[in-house]
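Colleague: Using the sequences provided together with the hints, build the complete structure.
There are 2 protein chains.
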Amino acid sequence: MLINKKYKVGIIRVASFEDPKMLNLHGELIEKYMPFIETESLCIEDQPEGVHDLVSKAVAVPKILETAKKFKSPDAIIVSCADDPGVPELMEIMDIPIIGAGSSAAAMAKRYGGSTGIIGITDYVSEAFLKVFGDKVINLGKPDGINCTIDLMKKGGRESVIKKAGELKKAGASSISLTCTGMSTIGVAEEIEKAVGLPVVDPVLAEAVCAGFEILRNNKVVNSEEK
Amino acid sequence: MLINKKYKVGIIRVASFEDPKMLNLHGELIEKYMPFIETESLCIEDQPEGVHDLVSKAVAVPKILETAKKFKSPDAIIVSCADDPGVPELMEIMDIPIIGAGSSAAAMAKRYGGSTGIIGITDYVSEAFLKVFGDKVINLGKPDGINCTIDLMKKGGRESVIKKAGELKKAGASSISLTCTGMSTIGVAEEIEKAVGLPVVDPVLAEAVCAGFEILRNNKVVNSEEK
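Quick note, the sequences are listed as chains A and B, same order.
Under our numbering, the first sequence has 37 at position 37, and the numbering climbs by one with no breaks.
Under our numbering, the second sequence has 55 at position 55, and the numbering climbs by one with no breaks.
No lab work stands behind these hints, which were simulated from the structure alone.
Please note: incorrect hints may appear among the correct ones.
Copies of the same chain are indistinguishable here, so a pair counts whether it falls within one copy or spans any two.
As the list claims (entries may be wrong) - Listed next, the in silico DSBU-like pairs over lysine-lysine satisfying Cα-Cα at most 30 Å (straight line):
hint	residue 1	residue 2
1	Lys131	Lys169
2	Lys57	Lys194
3	Lys8	Lys155
4	Lys70	Lys194
5	Lys142	Lys57
6	Lys131	Lys194
7	Lys8	Lys63
8	Lys194	Lys72
9	Lys163	Lys136
10	Lys63	Lys163
11	Lys57	Lys70
12	Lys155	Lys169
13	Lys194	Lys8
14	Lys142	Lys70
15	Lys136	Lys169
Modeller: Here you go:
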């Protein structure tokens with residue numbers, strides 16, 4: 001029975017963490033969500049503020065490609081960033097499923113129909129969301145005072161995110177997509193959903209289920225031994 | 001820890017089965033895929049050939065709404081049919097997540113970008129796929145000799161499906177979406193993938209992970225007790 005086997009998934013964190021608890025936080029969530037996944041988390045170097053604009057994204061991509069090589073025979077790799085940095089490049093050079101938080105969140109949000117309102121730490125709409133939603137993305141810019149994932153953890157960070165969600169609802173969004181995995185770190189999805197009454201897509205949950213889909217798709221659970 | 005709790009998911013089969021093995025087949029796959037889900041399967045009455053065109057779909061919808069009421073306090077309901085019959089109606093009248101195979105498969109296929117080629121048992125493109133893919137669905141009609149799910153299990157059924165997948169690849173598809181859950185019953189996704197080399201979306205796997213997403217989204221795993 002499938003559950004007895006654990007599949008190895010490498011998690012690339014696109015901010016440099018010294019604290020192993022922070023480094024492993026997304027991986028631990030993913031293991032809880034998908035019990036057949038075992039994670040190893042690695043982070044890129046010299047980028048304590050992570051990926052928060054096109055420049056920091058460009059700088060991160062080669063580091064992400066290097067980091068991906070360090071995992072020992074992973075069954076899949078997740079780039080745990082909603083901007084999907086390095087995801088297209090890794091797909092080109094590696095033979096295993098590569099999952100980005102951005103394309104995963106966009107796909108899950110698409111199920112709710114209509115337009116999705118994005119809340120992230122960038123002013124632009126990520127390519128992953130543009131590909132899935134086209135002009136059906138509502139972007140009202142970053143929440144006040146939020147410029148990087150660290151700001152989300154500061155006083156007033158959560159309130160600012162919830163305020164933005166309310167504005168997106170007024171602007172016609174039928175779902176809210178959190179386009180920064182730092183939103184998963186602070187676990188704010190549920191609060192937003194309660195406050196505004198729209199389905200909220202948490203990017204780490206989205207990447208977890210999409211990784212689950214890829215692993216199950218590639219590992220013949222249909223033909224596995226019965227319990 | 002989440003895995004210790006099982007969430008109850010009602011599975012509605014849109015063909016009338018007398019054989020409990022056939023009735024429970026999708027539910028058993030879903031339980032394997034998502035170990036925190038426990039399923040109960042019920043089928044609609046007097047429709048041995050299931051949903052295979054707009055008329056049989058229209059006839060099925062009121063039966064699906066009746067069937068949904070029979071589950072005892074489910075955490076979610078899956079309508080295990082790629083045409084999503086009754087899904088919008090159930091969303092209106094019920095307060096729990098309602099998951100359709102069609103919208104789930106479309107969302108998972110969207111992650112692969114480009115156009116998806118559909119293989120089902122209807123000549124039309126389902127609304128769920130139109131909503132997600134717009135004009136990016138490649139539909140070359142039903143596989144030869146396939147008019148209902150029963151035909152898939154007959155001699156030559158699998159070969160006919162694989163042949164159609166090859167034609168869809170030639171027509172420019174970057175993924176294959178199986179738009180009939182009977183394709184999951186016969187477990188043909190892996191064979192197609194090997195034969196044509198495109199990612200293939202199995203609708204029962206797709207509905208399983210999307211149900212997993214909805215359950216995890218609504219049940220605060222983030223705040224659950226640690227192992």
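Colleague: Does each hint hold? Answer for all of them.
Modeller: Status of the hints after comparison with the structure:
For the identical chains of this complex, Lys131 and Lys169 are neighbours both inside a copy (22 Å) and across copies (21 Å), given an alpha-carbon limit of 30 Å. Taking the shortest Cα distances, Lys57 and Lys194 never come within 30 Å of each other, neither inside one copy (32 Å) nor across copies (35 Å). With identical chains, the CA atoms of Lys8 and Lys155 are never at most 30 Å apart, being 36 Å at best within one copy and 38 Å at best between copies. For the homomeric pair Lys70 and Lys194, the shortest alpha-carbon distance between copies (29 Å) is at most 30 Å, but the shortest distance inside one copy (40 Å) is not.
Taking the closest pair of Cα atoms, Lys142 and Lys57 come within 30 Å of each other only inside a single copy of the chain (17 Å); across copies the shortest separation is 44 Å, beyond that limit. In this assembly of identical chains, Lys131 and Lys194 lie within 30 Å of each other by CA distance both inside one copy and across copies; the values are 29 Å within and 27 Å between. Taking CA atoms no more than 30 Å apart as the test, Lys8 paired with Lys63 passes inside one copy only; the shortest distance there is 21 Å, against 43 Å between copies. Taking the shortest Cα distances, Lys194 and Lys72 sit within 30 Å of each other only across copies (25 Å), while inside one copy they are farther apart (41 Å).
Proximity of Lys163 to Lys136 under the C-alpha cut-off of 30 Å is restricted to the intra-copy arrangement: shortest distance 21 Å within a copy versus 36 Å between copies. With identical chains, the CA atoms of Lys63 and Lys163 are never at most 30 Å apart, being 34 Å at best within one copy and 42 Å at best between copies. In this homomeric assembly, Lys57 and Lys70 come within 30 Å of each other (Cα to Cα) only inside a single copy, at 20 Å, whereas the closest approach across copies is 51 Å. When the C-alpha separation of Lys155 and Lys169 is checked against a cutoff of 30 Å, the pair qualifies only within one copy, where the shortest distance is 24 Å, while the shortest distance between copies is 52 Å.
With identical chains, the CA atoms of Lys194 and Lys8 are at most 30 Å apart between copies only, with a shortest distance of 23 Å across copies and 34 Å within one. For the identical chains of this complex, Lys142 and Lys70 are neighbours neither inside a copy (34 Å) nor across copies (45 Å), given an alpha-carbon limit of 30 Å. When the C-alpha separation of Lys136 and Lys169 is checked against a cutoff of 30 Å, the pair qualifies both within a copy, at 13 Å, and between copies, at 28 Å.
Hints 2, 3, 10, 14 from the earlier list are contradicted by this structure; the remaining hints agree with it.
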